[in-house]
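Using the hints, put the two standalone chains together into the complex.
Chains as they are written, first to last, in the working numbering: chain A, 1 to 324; chain B, 1 to 326.
There may be inaccurate statements among the hints.
Think about it this way: if two alpha-carbon atoms lie no more than 27 Å apart in a straight line, the pair counts; the simulated DSS-like pairs of lysine-lysine are [to be verified]:
1) A:K230 <-> B:K313
2) A:K230 <-> B:K314
3) A:K230 <-> B:K317
Calculated directly from the structure, the hints in this document are not laboratory data.
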Amino acid sequence: MSFLLRRLSFYFTAFLLAISFNFLLPRMMPGDPVDALFAAAQGKIDPAAMDAIREMYGFVDGNIFQQYIAYMQSVFTLDLGPSVLMFPVQVTDVLAMALPWTMFLALGSLIVALILGVGIGTYASYRREGLFGQVVPPVLAFISNFPYVVTALLLFYFFGLKLELLPLAYTYNPDVDPGLSLEFIGSVLKHAILPMGSMILVGIATWVFNMRNAMINVLGEDYVTMAQAKGLSSFRVMYRYAGRNAILPVATAIAMAIGFSFAGSIMTEIVFNYQGLGNILLKGIMARDYPLIQAILLILVSAVLTANFIADLLYVWLDPRISK
Amino acid sequence: MNNLTASDANPSVPHHESEFKQKCRAAWKKSKAFFHGNPPGIIGGFLITMILLGALFAPVLTTHNPDKRVARPHVAPNAEHIMGTTRSGRDVYSQVLHGARKTLSVALFAGIIATVIAVAVGVTSGYFGGKIDEWMNFITNVFLVFPQLPLLIVLAAFLGQVGSALIAVLLGITSWPWGARVIRSQTMAIRSKEFIISAEVMGESKLRIILVEILPNLISIVFGGFLGTVIYAMGAEAGLGILGLGDATEVSWGSMLYWAQTSSSLYTGAWWEMIVPASALALTGGALALLNMSIDQVSNPKLKTGPHLKLWKKLNKEADKRRGLV
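Here chain B stands alone, though its shape is the one from the complex (with noise of 0.2 Å):
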C-alpha cells in the first residue's frame, strides 16, 4: 500500500516498476548518501572495490602461473613480469594476487566466525544480565587480557605447520572479546527502551525481541566490529606467515612475506619480493580502516565532520534567524 502511494505522488517513477527496480533505486539512494560529503569512504570503497576484483579475476588477469617457476630468480620488474619475480622464479604479480584470494577468504572467514560468537555473547549478557551476564562477562574479559597474537604463535608453533582453513577458525574463535563488549554495552542500552518493554508486555518471546527488535538496531556496530575483525585477521595472518607457521606451500600474503624473508631478498636487492605483499597488505587495511570510520559516523552522527557540520551550522543560523534571535 506504502508503495503505491509513494511511486503515485511521485511523477518520475514509472507505475509498472518492478518491486525489484524499486528495491535497488532504495540501495542507490542510500549508497549515494552514504558516500556523499565523506572522501575517506569514497577512497576506502573504490580501493576495496579494486582490490576484491583484483582477487575474484584473479586467473584472469594474471599471466603466469604462481605456483610454477616460470623465470629465472629475482628479475627485476619488466614488461613481462610487471613486478619481478622471486628467488624461486615464481611471477610476483600474479602471486599477490591469487594470494589476496587466499588472505581476504582467511581473514573474511576469520571475521565472520567472530561476529557470530560476538553478537551471540554480547547480545545474551546484555539482554539476559544478572548471573548469565556475571559470567559471559567474566570469560570476554579474561579472553580480553591475554595477549591473543603470542597465544595464537604458540598455539600454532605447538600443530606444527596449520593450513589456512585452521588459521582461520583459530582466529575467529579468539578474537571476538572486543566485538562482545561493544554490543554487549550497546544492548543494555537499548533494553530499557519503550519499544522493546511494549514488546516485552505484548508477549512476544525473548528470541523474537532478539533477532526482530534489538538486533537491526545493532547493525552498524556489528558491521563496524567485523571489518575490525578483518583488519586483525589479516595482520594475524601475515605475522604467523613470516614467523613460518603458516602453510608456506600455500600461496597467501603471508606466505610471500615468509619466501621473502627467508631468501633476504631486501638485503640483496630484489626489494620487489617484499615490498609488493608488505604493500597489499597495507592498502587492504588502511582501506578497510577507512570504511569502518565511515560507518562510524552512520552510528553515531555526532562524529561527521565537513560538509555535515558546515549544513548543520548553516541550518542552525537560519533557524536562529527565523525564531528572530540574530
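This is chain A alone, in the form it adopts within the complex (with noise of 0.2 Å):
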C-alpha cells in the first residue's frame, strides 16, 4: 500500500508545481500583466467578467503570496472564471464538453497501439531471422516516427480529401441525436477512425520496440528451451511463456507515453477538426483567450496525472511484488 501512497503524494506534489507555474505564466509577460491579459478582448467584454477573471487569477490586493493563496483557493474550488471567447460560458462548462473527447482518442489510441504493438513485437522476436522479425521492425520505425501533425496530415489528405472515404470533421455526425443507439455510436467510431488511426501509427513503434527488446532477453531463458523441448505450440511459447514474462518491463513505459498520447491528441485533433480540448485550444490561441488557455493546462495536466496513477494501480496489479 506505501507504494501507491508515495505515487498519489508524487502526483499531489506534481500538480501543485502545475498550478505554481500556470499561477506564474501570466506574471511573466511582459509589461503589465492585466493589462495584456485582457488587450485582446478590450471593448468586447463587459468589467464584471473582467472582475471575474482578475479574481479567479488571484490580481487581489496584497502581495504575491496572498495572490497565490487566492488563485490556490479558485482552483481548488473548480472556478475557473468565464471564458473570454464565448462570454458568458464558463471556462469548466467548455471544458466538461471537449475533455471525454481527447480522453478517448488519447486513450483509445494508446490502449489499441499498446495491443497490436505488443503482439508484434512478440512476433517479431521470436521469428527474429525470418521476413517478419528484418522487415516489420524497420518499416514501423520509420513509419512512427513522422511527426504527429504530419500523419494526421497525410491521413487527411489522402483518406479524406481524395479517396473520400472517411469524414474529415466532427466527432459524431449533426444530424445523429447522441444516445446510446447504434447509429450513434457507429457515427462516433467512424468519425474516429482517421484521428485515432493516425495516433496509433505514431504510437505503435514504442510497443514493438519494447516489447522486442524485452523479448529477447526472455529468449534466452531456460524454461523457454525447455517448453519448445516439450513441444508446445509455437504460439503458446511465444505468448504464455515468453511474452507474459517480457511485458512487465514494458508496463514501466506506459506512464511516459500517457503524456505523449496527449500532446498527439492536441495536434491531431486540429488537422481533424475534432472537437476536442486541442480544438479549443487553437480557438483559445487565435482568440488570445488566456483564462481557456490556461484551464486547459490545468485540466490536461490533472487528466495525465490521473491516468499516470491508474497505470500505477495496474502495474501492482500485474506484479505485486512492488507494493511490498
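Okay, here's the thing in C-alpha cells:
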C-alpha cells in the first residue's frame, strides 16, 4: 500500500507545481500582466466579467503570497472564471464538453497501439531471422517517427480528401441524436477512425521495440527452451511463456507514453477538426483567450496525472511484489 | 609503439603512411562494419546524407529566392517550379530547401541542449547516488509526467510569436528527462564494475572517473538519445508552426505548414504547398529513426537480426561440431 501512497503524494506535488507554473505564467508576460491579458478582449468584454477573471487569477489586493493563496482557492473550488471567447459561458463548462473526446482519442489510441504493438513485437522477436522479424520493425520505426501533425495531415489528405472514404470533421454526424443508439455509436466510431488511426501509427513503434527488447532477453531463458523441447505450440511458447514475462518492463513505459498521447491528441484534433480540447486550444490561442488556455493546461495535467496513477494500479496488479 | 607493429605485420599498409591517414582508414573500417548487413542503417544514413547536403547547399541548389514572390499564386508543379508555388507565389522547392536549414538547426540545437542536460543530470545522479540522486530523480520524474508539448504551446502562446532560437532553447530545456533516465540507469550499472572501483582505489578524481571512465561507455546511448530528441524537437517545431506560434516570417518547415494551412491549400487542390513540407518532415523523421535503430544494435548486439544472426548460428553449429556434439 505504501507504494501507492508514495505515488499519490508524488502526483499531488506535481499537480501543485503545475498550478504554480500556471500562476506565474501571466506574471512572466512583458508589461502589466492584467493589461496584456485583456488587450485582446478590450471592448468585447464587460467589466463584471473582467473582475471575475481578475479575481480568479488572484489579482487581488495584497502581496504575491496572498495572491497565490487566492489563486489556489479558485483552482480547488473549480472556479476557473468565464471564457473571454465564449462569454458568459464558464471555462469549466466549455472544457467539460471537450475533455471526454480528448480522453477517448488519447487513451483509446494508446490502448489499441499497446495491444497491437505488444503482439507484433512478440512475434517479430520470436521470428527474428525470418522475413517478418527483419522487415516489419524497421518499416514501423520509419513510419512511426513522422511528427504527429504530419501523419495526421497525410491521412487527412489521402483518405479524407482524395478518396472521400471517411468524414473530415466533427466527432459525430450532427444529424444523429447523441444517445446509446447503434447509429450514434457507429457515427462516433466512423469519425474516430482517421484521427485515432494516425495516432496509433505514431504510437505503435514504441511498444513494438520495447516488447522486442524485453522478449530478446527472455527468449534466452532456460524455461523457454524447456517449453519448446516439450513440443508446445510456438503460439503457446511465444505468448504464454515468453511474452507474459517480457511484458513487465514494457508496462513501465506506459507512464511516459500517456503524456505523449495527450500531446498527440491535441495536434491530431486540430488537423481533423475534432471537437476536443485541442480544437478549443487552437480557438483560444487565436482569440488570445488566456483563461481558457490556462484552464486547458490545468485539465490536461490533471488528466495525465490521473491516467498515470491508473497505470500504477495496473502495474501493482501485474507485479504484486512492488507494493511491498 | 602499437601502431608501428601493426603496420609492420601488415605489408599492405605502407610504412610511411601518416597517422591521420591511418585514423581515416580505421574510421572507414568501423563505418563499414556498422553498415554491413544493416539495410535500415544504409537507407537511413543515405537519406540523412541527402537531406543534410540539400540543406547545406540550399543557396546553390535553389532556383528562386524563397522570400520573394516569383510567380502567380498556386501554380501547379512544372518545369520552372518543380514543386509548384505557394498561395503568395513563392517557389515551394526553394522554400523547402531553405526551410530545412532553419528546421534542422532548431532541432539539432535543441538536441544538443537536451543531451548536455541529460548527461549532466543522468551521470551525476547515477554515479553519486544518495540524496543527490533522490532529488534529481524527483525533478526528472516531474518533468517526465508533465505533457511537454501542451506546456510548450501554452508558454509560446503567452510569449506571443517566438523566434526559432527561443523555440530551440525551450525545446532543449523541456525534453531532457527521457535521456537522463536511461543514462542514469546505465551509469548505475557501470558504477559497480571493477574498472571503476579500481580507478577509485587508485585515487583518480571523481571528475576524471566520470569523464574518462564512465562517459566513453555511454556514447551509443547518449547518441541514441540525442537522435531521439532531434526527432521529437523537429515534430514539436512543426506542431508549434502549424498552430501559428512560431515566427511565420521565417522560412521553416513549420511556417510552411502554417501558410499552407491558413490558405487552405488542401481544399483548393493545391496539395503541393502542404504535402511537400509534410513529406520532408516525414522523411527526415523516419530516416533519423532508422539510424537510431541501427545505433541501438551497437549498444545491444542482441538486437541484431538477419545476416548477423545467420552467421552466429553457423558459428555455433561449427563449434558444436568441433566439440563432437553433432
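Here is what the structure says about each hint:
{"no.": "1", "hint": "A:K230 <-> B:K313", "verdict": "holds, 22 Å"}
{"no.": "2", "hint": "A:K230 <-> B:K314", "verdict": "holds, 25 Å"}
{"no.": "3", "hint": "A:K230 <-> B:K317", "verdict": "holds, 22 Å"}
The structure agrees with every numbered hint stated previously.
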